[in-house]
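Please put together the full structure from these sequences, using the hints given.
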Amino acid sequence: MELALSPEDAVFRDEVRAFIKDNYPAEMRVPNPETDLSKEQMLLWHRILHKKGWIAPLWPKEYGGPGWDITRRFIFEQETTRAGTMPPLAFSITMVGPVIYTFGNEAQKQKFLPRILSGQDWWCQGYSEPGSGSDLATVRTKAVRDGDHYVVNGHKTWTTLAQHADWIFCLVRTDPAAKPQSGISFLLIDTKSPGVSVRPIITIDGSHEVNDVFLENVRVPVENLIGEENKGWTYAKFLLGNERTSMAGIGRSTRYIAKLKAIVKAEIPEDDPAHLEFLRDIARVELDVLALEATELRVVAQMARGIDPGPAASLFKIRGTEIFQDITELTHRAIGNYGLAIREHPVSANHFMPGPDYAHTASEKYLNSRKLSIYGGSNEIQRNIIAKAVLGL
Amino acid sequence: MDIQFTEEQELLRSSVQRLLRDQYDFDARRKIVASEEGYSRLRWQAFAELGLLGAPFSEEVDGLDGGPLSTMIIMQEFGRHLVVEPFVETVVLAGSLLEQLGSVEQKQSFIADIIAGNTIWALAWTEKGSRFDLTNVTTTARRGGNGYVLTGQKAAVIAAPWADYLIVSARTSGQQRDRGGVSLFVVDRRSANLDLQSFKTIDGRRAAEISLRGVTGQLLGQEGEGIAAVEACRDRAIGALCAEAVGAMSELNAATLDYSKTRKQFGTTIGSFQVLQHRMVDMFIAHQEALSLMQHLTLSLDAGEAGISRLASGAKSKIGYAGRFIADQAVQLHGGMGMTDELNIGHYFKQISSINIQFGDPAFHLLRYAQLDAAA
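Chains as they are written, first to last, in my numbering: chain A, 3 to 395; chain B, 1133 to 1508.
Keep in mind the hints are simulated off the structure, nothing from the lab.
Keep in mind that a hint or two might mislead.
Unchecked claim - Taking lysine to aspartate or glutamate and the EDC-like style, the derived pairs with C-alpha atoms no more than 20 Å apart in a straight line are:
hint, chain 1, residue 1, chain 2, residue 2
1, B, Lys1393, A, Asp24
2, B, Lys1396, A, Glu272
3, B, Lys1260, A, Glu272
Said to hold, decoys possible - Label pairs and their calculated CB-CB ranges:
hint, chain 1, residue 1, chain 2, residue 2, range
4, B, Gln1420, A, Leu393, 27 to 35 Å
5, B, Gln1406, A, Leu292, 31 to 39 Å
6, A, Gly133, B, Glu1191, 53 to 61 Å
Said to hold, decoys possible - To spell it out: a stretch of chain B is covered by chain A in this simulated footprint if at least three of its residues, at any positions, have a beta carbon under 8 Å from a beta carbon of chain A; those stretches are:
hint, region
7, 1208-1215
8, 1279-1290
9, 1319-1333
10, 1386-1398
11, 1468-1477
Using N, Cα and C, we set each Cβ at its ideal position, and we do this for glycine too.
Right, here's the structure in full:
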């Protein structure tokens, strides 16, 4: 399904398409980019986009964005996900960057924004804590003022790719006496500071994506505070809004459905009754994608006319993640007995994996995608948001 | 219909429970899985000493005559403790095939060693393209020398890397997917010309691709009549796997309920949210139904009732879907913790995923259940 594009936008779309085709690094085309690439490899595409001026579609031109309107941003998102390119690090580009240029001071903008754009700094997100998952407002990590520093103590968790990070943006409690939302500040912490330690969390697919981050008497210069002390909750919510925008994942789901069809064709003979069942299940999920895509296009068209989409992001997050979970489950089912096998991490050619290539990451993806309905605000929380903000319940 | 355990069965259950509580907690299990071999010979010996490896066998072969009920009792507890040792493969699959089909000598030479814990077995029926179809066999066996010579490939054979012996299905006549012409053979796993390529399974066990290049095999049962035997064997395996799944489901439900009463968000326990209460009620119902079907299937297996195969497929499907639902929701309700390797929840999830693949997934068995009805 396509947006109705003006001739200029159609030219733009073709340009994006051709650029990806000519420039996307071949070595980033691995079975599972999120776990199989080194930091340097992950940054290859980032640097190419940076050079082209396309690294931060969301950012205003004055800070280094390409100055695209909503339609072009959407076209870019659509083309890059359809082509299966690895998106630049969201924590840097879509999360902390916009917070810095929206709420940061001049010095912060000048210090951090260029390094985010170039890929020189890798950011991770210090939001969740062991006691604060869905309920972020209860974060307990403490920052106590000591001269021109804050002294930070606490424990952040589920910190994605913190093992590569140069910086972590953290929600910290600066006023323990205030109401939960009122005593929080937004602090930028250099991960090389003494007292910062990162411990891997291995997930059920065997991979290392997330971490615990421990902060022990970490001295953070006051100049790393974003905006005002105790106003961090406002900035945090602004950021979460950005986090949830692109979770419909239409491009990714479409690609995985195409792969699934090829697997079913290869694995299940047409005279096997299971074949028809798979066709039916695939058709159902394809229609789910079609309906979500149509919804997304409708919202984009409304936004282009200046209409506030409200909490549409919650709808995209719920359906986008449920759909992708269904697809990975169907794929795992389609490969039959080889669904029993799972790759060993760190991934190496020395470990034998049975069955055809397309089967090698099916178990991992199936297991890993169980997280989708949990992270970024669980789907239960998203439903609460719609109930409250849309239905007025 | 509710199974009332006899004194003997109650004793079996409490002794398995005690053994696993003492020797198979989650940390012990983690060490076993991470070990070089990937299973514990020590625990296997302990199972033998407790009589578990002889429990379902008849008295004629010096078993304890516990039948499918003893298997159910053992497998439920094994499911709760995520036991990786190959009880199903050795005792339920190979053991029952040997007991049903074996010559007097074969029974004598093999079953006693199984019961004593001296040998481990695996059943090699799957092939690359076979999916869940037992008749889809291309491996061949030809008479030669003082037995048969097997040539072909077997795929994803669980426990093969641990096994001393394999039971291999191979064609003595007929075409791929013919019901007739498939025979079963006992093969020494360490035979010349037999190659294994081992890999790890999602539930922390080991399996292998097997290449047979002229391997000597000993016929088990009648030539050409292996399919009916493997089908009956699958029914018994399904009984065991369903019990394993039900054991895992009861642990998942208990852990999730417990977590929901202690985990606080938004100033209250998450168990106080109605949406999660209803979810857990549905998990409870799914477990109750699975438990009932498991008992029904076990009693029918015990009685050797006609139509058992259809019921087995029905149970495999229904319990498979119930298990998947419970596992999905247990992970979801545990949040990020449910995704970690550190907590047992994700391991139960993977165990249920594995059970749902073995001998056919819930969709396959749903269809088989429907087709057997149409055929009746």
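Comparing the hints with the structure gives:
no. : hint                             : result
1   : B:Lys1393 / A:Asp24              : violated (55 Å)
2   : B:Lys1396 / A:Glu272             : violated (51 Å)
3   : B:Lys1260 / A:Glu272             : holds (17 Å)
4   : B:Gln1420 / A:Leu393: 27 to 35 Å : holds (33 Å)
5   : B:Gln1406 / A:Leu292: 31 to 39 Å : holds (33 Å)
6   : A:Gly133 / B:Glu1191: 53 to 61 Å : holds (58 Å)
7   : 1208-1215                        : violated (count 0)
8   : 1279-1290                        : holds (count 3)
9   : 1319-1333                        : holds (count 5)
10  : 1386-1398                        : holds (count 3)
11  : 1468-1477                        : holds (count 6)
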